[in-house]
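Visitor: Here the structure of chain A is known, so what remains is to put chains B and C in place on it, guided by the hints.
Chain residues, written in single-letter form:
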Amino acid sequence: MGEGEQITKSVSWPNAEVIEDLRKLRSSVPLTHCITNVVVTNFTANVVLAVGASPAMVLAAEETADFARVAQGLLINVGTVTRVDAEAMINAASAAYEAKTPWVLDPVAVGALEYRTNIIEELLKFKPSVIRGNASEILATSGAKGNAKGADSTASSIEALPAAKKLAEETGAVVAISGEIDYITDGKIVISVPGGHEIMTKVTGTGCSLGAVIAAFLPVTKTPLSAATAASVIYAAAGERAAKEALGTGSFTVAFLDQLSTIGIKY
Amino acid sequence: MGEGEQITKSVSWPNAEVIEDLRKLRSSVPLTHCITNVVVTNFTANVVLAVGASPAMVLAAEETADFARVAQGLLINVGTVTRVDAEAMINAASAAYEAKTPWVLDPVAVGALEYRTNIIEELLKFKPSVIRGNASEILATSGAKGNAKGADSTASSIEALPAAKKLAEETGAVVAISGEIDYITDGKIVISVPGGHEIMTKVTGTGCSLGAVIAAFLPVTKTPLSAATAASVIYAAAGERAAKEALGTGSFTVAFLDQLSTIGIKY
Amino acid sequence: MGEGEQITKSVSWPNAEVIEDLRKLRSSVPLTHCITNVVVTNFTANVVLAVGASPAMVLAAEETADFARVAQGLLINVGTVTRVDAEAMINAASAAYEAKTPWVLDPVAVGALEYRTNIIEELLKFKPSVIRGNASEILATSGAKGNAKGADSTASSIEALPAAKKLAEETGAVVAISGEIDYITDGKIVISVPGGHEIMTKVTGTGCSLGAVIAAFLPVTKTPLSAATAASVIYAAAGERAAKEALGTGSFTVAFLDQLSTIGIKY
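Protein chains in written order, with full-length UniProt numbering: chain A, 1 to 267; chain B, 1 to 267; chain C, 1 to 267.
Simulated from the structure, these hints should not be mistaken for lab results.
Warning: the hint list may mix true and false statements.
The list treats identical chains as interchangeable, and a pair is accepted whether it falls inside one copy or across any two copies.
[Claimed, not checked] Cross-link-like lysine-lysine pairs, in silico, DSSO-like; alpha carbons within 27 Å at most: (1) Lys125 with Lys244; (2) Lys244 with Lys166; (3) Lys166 with Lys188; (4) Lys202 with Lys244; (5) Lys24 with Lys202; (6) Lys125 with Lys222.
Just chain A, same shape as in the assembly:
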């Protein structure tokens, strides 16, 4: 199967549907529950605020179920999961499933470490709307043997596309592979999102916070496929623009938040 047969369409900024979805997000300010790793919690909250949603990083096992029920979207990212966090995540995923709160699973470094691989398997039972990861993580989640080295990907995103389609079919989730080109699939349609910049791999949290932005879009878009696409498109555009202004990774991060908070406004 060649690449031409797989890709349904390529989407990039400015795209009319993405612009409309972003407008809806900013007017409804969806409450977005983020349970993520300690490395990127601050950056994720700032990214979600920049895009225009309302992040809430509620993470105590005693509170996550209650909050996942009232939130409009939920992200669960297992990047630094401990046994205390695992309980909080299962509670949240279970409540989201019952309350029909759409949610995103980010299986950071799955396959590389047995402990979290088991937690991810447990979480998958609660039917995430979207699974987002890099190529190695998607390969590992779909049961193929990824070669995950920490949170970094050693496979290219296109290599993981067959596994992503299989994973989408088996779980019912949209699968988003982040990489030089992002691929997003519901098992049938495949969207490719070009753009971004290599410097994004030199700033921690650019991938993890994308999962939160997808969660913020879930309540406002027609489908999870559109949510993952909208988030990826504005990310790629903001990243590309920010890279032009950056003198290094510090100023890139600043410019990236500036771009996310103004994209479609000053445009």
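Guide: Okay, now just chains B and C, sitting in the frame of chain A:
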């Protein structure tokens, strides 16, 4: 009761008393113990350093009592409180109460979630010097029915002023309501602090870190009312100035820290 | 013993050996396992990425041993250690010792708080390659009575040099004292690294993240002494350059990451 009757005075930068309190803070570099949420820990430490105090984020249940005794001011912010953190907070508050270390309570999202509401009630027994929150949080803390949505406020700060005065009278604490205009009261005097900028609501931790700056001022000002006022005034001024330079939320944050670290120096 | 007798040599950027070590680091992208405090986790990951290594902040007690075995370097920083973290740290240090993964111990605020002092004593049994701290922390670790006030140093780095040499001899570790001038010793050779800037003491994590950069250099340099030297030299150079561009602590942090991510590239 009209607004005119409530407000004793409005304070903004440059104000002679605030300038003098800031000078005292910078010359004495008070050791400021911060137990705060994982979203804003880094930003809070940087804000406290920028203002000129010495932050210490000691948070283990085994250490917080010992440290709260030697610290000159303490902040307890329940933003992401877990059961492990709750124990650490109670230990700190209890030790601060015994050792007469002045402390600030930030009841993030109180009323919205039962678990933390109970922890906050427990913490209130140890007599905080200052309670800082947005309007919804102050309404909920004072027993009125706030409509807290995550950590964001749905009420305006002036609406919460009667509840703030009642809460101040009942607890003996100064109550600081953050909003477009900040109100600070000890139950009798009401200080209003104008300024700041709307973009501050789009950066996580601007409210939470204000609590830490109040804690840093507590050991150097004559009263807790002055500490809350000084902190709010330099925050509003730094926020207003930073907003003028900002291209978005990323550069705002950078400019805000720049302003806090130079206010009154380059002035 | 005068200073002249103690210092073997002073190293600063550009130094041929440091340039070569940095080139090796960037071409091999060492997997650097960081178990650090919640205040600086994000900044540390960004610093390690900026320098050119691959950070992984694996911190669950169930995962740290497995990961410390495959990582090429490890940092353990006890800045906000809880009992859950302590277990994770002991597991990591023990596994690193068995697997011969070189590692750095950062004994934040040792001596000031009994709980963490005991944990640090336990960790020392697993033979760190490098111990990095400020003067007060090195004095306290070596058994001399430091006067540690939180994480800040009240002693100057040269005052701690005799204690550092003694500690190096007793433990077999290289000891790095951070301060206005950094001193690094294996008990015989003493390297001094001038440079940096006072503003670095006003940004949280500049010291803590240096420990992670040393861990990143450990697998690529000939000796732990060279790793600590290389890391300290590029830190001092980046800090000095960034201070020239900074308008305050916010823009300093941005410029510091920019400098770390480009040093030796644009040079």
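Visitor: Of the numbered hints stated earlier in the document, which are not met by this structure?
Guide: 1 and 2
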